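Chains A and B, in that order, give the protein sequences.
For the first sequence, the working numbering gives the first residue as 1, with consecutive numbering after it.
For the second sequence, the working numbering gives the first residue as 1001, with consecutive numbering after it.
Just so you know, these hints were derived from the structure itself, not from any lab.
Check before you lean on any hint, since a few could be wrong.
[Said to hold, decoys possible] Label-pair distances were calculated between CB atoms; the ranges are:
no.	chain 1	residue 1	chain 2	residue 2	range
1	B	Glu1067	A	Val68	27 to 33 Å
2	B	Pro1124	A	Leu60	41 to 47 Å
3	A	Val82	B	Ala1282	40 to 46 Å
4	A	Val144	B	Pro1124	38 to 44 Å
5	B	Pro1124	A	Lys123	50 to 56 Å
6	B	Ala1282	A	Phe33	56 to 62 Å
7	A	Leu60	B	Ile1111	52 to 58 Å
8	B	Lys1160	A	Gly23	53 to 59 Å
9	B	Met1175	A	Ile109	57 to 63 Å
10	A	Ala134	B	Ile1024	47 to 53 Å
11	A	Leu60	B	Lys1159	40 to 46 Å
[To be verified] Restricting the straight-line Cα-Cα distance to at most 27 Å, the calculated cross-link-like pairs of lysine-lysine (DSSO-like) are:
no.	chain 1	residue 1	chain 2	residue 2
12	B	Lys1055	B	Lys1074
13	B	Lys1034	B	Lys1136
14	B	Lys1136	B	Lys1063
15	B	Lys1034	A	Lys30
16	A	Lys46	B	Lys1063
17	B	Lys1034	A	Lys123
18	A	Lys31	B	Lys1106
19	B	Lys1136	A	Lys46
20	B	Lys1312	A	Lys46
21	A	Lys46	B	Lys1428
22	B	Lys1080	A	Lys46
23	B	Lys1015	B	Lys1312
24	B	Lys1334	B	Lys1312
25	A	Lys30	A	Lys182
Predicted model only: the values in this text are computed from it and were never measured.
All residues carry an ideal CB built from backbone N, CA and C; glycine is no exception.
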Amino acid sequence: MNALNVFLFVAFPYVAVVVFVVGVTYRYRKKGFTVTSLSSQFLEGKQLFWGTIPFHFGILVVFFGHLVAFMFPRATLAWNSVPIRLIILEVTAFIFGVLLLIGLVGLLIRRLSHGRIRAVTTKTDIAIELLLLAQVVLGCWIAVGYRWGSSWFAADLTPYLWSLGTFTPETAAVYALPWPIKLHIVGAFAILLLVPFTRLVHFIVAPFHYVVRPYQQVIWNWNRRSIRDPGTPWTEVRPKSS
Amino acid sequence: MDVRSQISMVFHLDKCIGCHTCSIACKNIWTDRKGAEYMWWNNVETKPGTGYPGKWEDQDIYKGGWEKDGDSIKLKGAGKPKSLTNIFHNPHMPVIDDYYEPFTYKYLDLIESAAGDVQPTARPISMITGEPMDIKMGPNWDDDLSGSPDYARNDPNLKKLSPAEQEAMFEMERMAFFYLPRICNHCLNPACVAACPSGAIYKRGEDGVVLINQDVCRGWRMCVTACPYKKTYYNWSTGKSEKCILCYPRIETGQAPACMHSCVGRIRYLGVMLYDADQIEAVASADEVDVVRRQMEMILDPFDPDVIAAAKANGVADSTIDSAQKSPTYKFVKEWNLALPLHPEFRTLPMLFYVPPLLPVMASVTDVDHTEQSRKINPVGKHWPDSWLYDTTTEELFGTIDDSRFPLEYMASLFSAGDTTAVADRIKKLMAVRLHRRQETVGDVKENTVAEALADTHLTPEVADAIYYLTSLATFDDRFVIPAAHREQAIEMIEFTGDTKGATGFGFMAGSAQRGA
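Same shape as in the complex, but just chain A (with noise of 0.2 Å):
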């Protein structure tokens, strides 16, 4: 039992990180054009709004709200402190979690039933999507069985979280953690672990740059200016196309 569990606490997050990071830069590196988001609302786009939205803004908030107890236990913790911000914060994260549970439903019934999209549906697709299905059930479940969890888990698993950060391993309070919660920490390093080969992936290229760039991009396969200026032989100094 202890062996599993150092497999599964201990040695799976390393592995999951290290394929997450290697994975993603050699597929985001090498084979840019499989990075995409493999929208389907081309062939089907009404159905689409009452899964993706839902299911986006679900899994954002989800997402940021475990990423925020990560960060800042502490200021997660004070914020608790009083009972009525307690309850606000888990009944909002309650509703982004049902929300996305339903979006995932709505996606996967769409997935199935549509001709059209079964015809651009891998055997990838459907498992990643079955986990993360299970991953959303067992989240919603914590929150309803094991409450406050966002109390525990800035006590409890940040530490352990942070602690595999920094190389020294502190597993005894995850070992004694119910078991739908450590299967809920599994699932997300196998998601971790999965994106890199699935159509997860899109969320690392998520466009926040396009905020920043003027709305016209011009490239040159040359420096038009230099090239031409006799003053300047070709040198080993490559010029940066412009």
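Assemble chain B onto chain A, guided by the hints.
Okay, now just chain B, sitting in the frame of chain A:
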């Protein structure tokens, strides 16, 4: 003055016979792939008609192009706030049914069916699902269907006509249509580039070709919405957008693009134009009626010494400047003022120009007096019985233009943002050239009539002959003046060519295979 060169196109609509050879040439080379079957980077539409995708010109539906926003412009259906907030679901994105579901037939059934009493048939099947389907649409479904209630009468350009004018257009006796071949316009102010959240779409500096980097495209689909001409397409299989590349691999090696090379009617011209890139924003933001005129002004005279000096300072190659001076498109667009861009009101500053069709306009005259016409035609001439055959001998020189079967408003809606004088000017010139040539070859037009027509349109006989030559007699090299691509210099600027000596290709591909590897 920031002089840049742009490969531009002119399509002479009077010469288009609607054979779709261009579309097929393009399809065979570029879009005969999974996910791209429905794409027609080049397509030919019948006007009046709804086009492909259906009603693409109606931006109330598709929200393409730019719109005026105070002194500046903004994207109608995309742009920084909208592209990001609509990224999970783009409310203005056309779906495949707006184009058509690609299909093929089960041809093997014809050969492999078991022997039986009935003939085997090749059923249509969807190229997406592979399931049998009923074909409801095709890429040229409204071909030649002028006057039909489902197509011609739903043409978005008819909105600007009064109900009476619309009815007149569809009277059986006056019925006319023409073909509108379309490719990507390789705009100076491309909406697709501006809408791309990933920054995958760009305009090539050297020749202005607009391209999508397939390794950077992430399938956010905003370009499909933003292009008002619907000339970027989403590949549903690869999850990437694709568009006309103006056959740049052909252009770089001095060959005309496939659609132009294969054009049966020889309607297509390609050449370089120099323009002032500093003016782009101001021109695109101009008042709707001024956009066309100002776009023409932005195109620079390649013979002007100042322009040449500025172009050289900007790194425009001498060979490109030389091509610009010989450019057939410069002649049609700027020198002769014969061509107009399609839907300039979209404000993308398209660089594909159209010589408006004369025939539907000219052939509009229904009240030609047979006897009068017969008397004027010399004895060997054929006496046509059709009362509506266009009559080049009308006493009133340009009277037929206003009474055309195609109201000028319709043409103006297509080519000049509603400015009928811009269209009328060009049609008058085309008529004047015809009168001049009629006089030269047949000689049944009065000399002073011709002189008057030429004077009216500010043409000299020499210019009229030049227009006639480039329209009717031009050789391949007259129609396509392709600037040298100078890729050899491009490579030298990017890398030390000694590094790749002995390697496969020029370093853009994987290294050569090692023995035993």
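Hint check results:
{"no.": "1", "hint": "B/Glu1067 to A/Val68: 27 to 33 Å", "in the structure": "violated, 40 Å"}
{"no.": "2", "hint": "B/Pro1124 to A/Leu60: 41 to 47 Å", "in the structure": "holds, 43 Å"}
{"no.": "3", "hint": "A/Val82 to B/Ala1282: 40 to 46 Å", "in the structure": "violated, 57 Å"}
{"no.": "4", "hint": "A/Val144 to B/Pro1124: 38 to 44 Å", "in the structure": "violated, 52 Å"}
{"no.": "5", "hint": "B/Pro1124 to A/Lys123: 50 to 56 Å", "in the structure": "violated, 29 Å"}
{"no.": "6", "hint": "B/Ala1282 to A/Phe33: 56 to 62 Å", "in the structure": "violated, 38 Å"}
{"no.": "7", "hint": "A/Leu60 to B/Ile1111: 52 to 58 Å", "in the structure": "holds, 54 Å"}
{"no.": "8", "hint": "B/Lys1160 to A/Gly23: 53 to 59 Å", "in the structure": "holds, 56 Å"}
{"no.": "9", "hint": "B/Met1175 to A/Ile109: 57 to 63 Å", "in the structure": "violated, 49 Å"}
{"no.": "10", "hint": "A/Ala134 to B/Ile1024: 47 to 53 Å", "in the structure": "holds, 50 Å"}
{"no.": "11", "hint": "A/Leu60 to B/Lys1159: 40 to 46 Å", "in the structure": "holds, 41 Å"}
{"no.": "12", "hint": "B/Lys1055 to B/Lys1074", "in the structure": "holds, 22 Å"}
{"no.": "13", "hint": "B/Lys1034 to B/Lys1136", "in the structure": "holds, 20 Å"}
{"no.": "14", "hint": "B/Lys1136 to B/Lys1063", "in the structure": "holds, 25 Å"}
{"no.": "15", "hint": "B/Lys1034 to A/Lys30", "in the structure": "holds, 23 Å"}
{"no.": "16", "hint": "A/Lys46 to B/Lys1063", "in the structure": "holds, 18 Å"}
{"no.": "17", "hint": "B/Lys1034 to A/Lys123", "in the structure": "holds, 19 Å"}
{"no.": "18", "hint": "A/Lys31 to B/Lys1106", "in the structure": "violated, 35 Å"}
{"no.": "19", "hint": "B/Lys1136 to A/Lys46", "in the structure": "holds, 20 Å"}
{"no.": "20", "hint": "B/Lys1312 to A/Lys46", "in the structure": "violated, 53 Å"}
{"no.": "21", "hint": "A/Lys46 to B/Lys1428", "in the structure": "violated, 49 Å"}
{"no.": "22", "hint": "B/Lys1080 to A/Lys46", "in the structure": "holds, 24 Å"}
{"no.": "23", "hint": "B/Lys1015 to B/Lys1312", "in the structure": "violated, 37 Å"}
{"no.": "24", "hint": "B/Lys1334 to B/Lys1312", "in the structure": "holds, 21 Å"}
{"no.": "25", "hint": "A/Lys30 to A/Lys182", "in the structure": "violated, 35 Å"}
This entry does not satisfy hints 1, 3, 4, 5, 6, 9, 18, 20, 21, 23, 25, going by the numbered hints stated previously.
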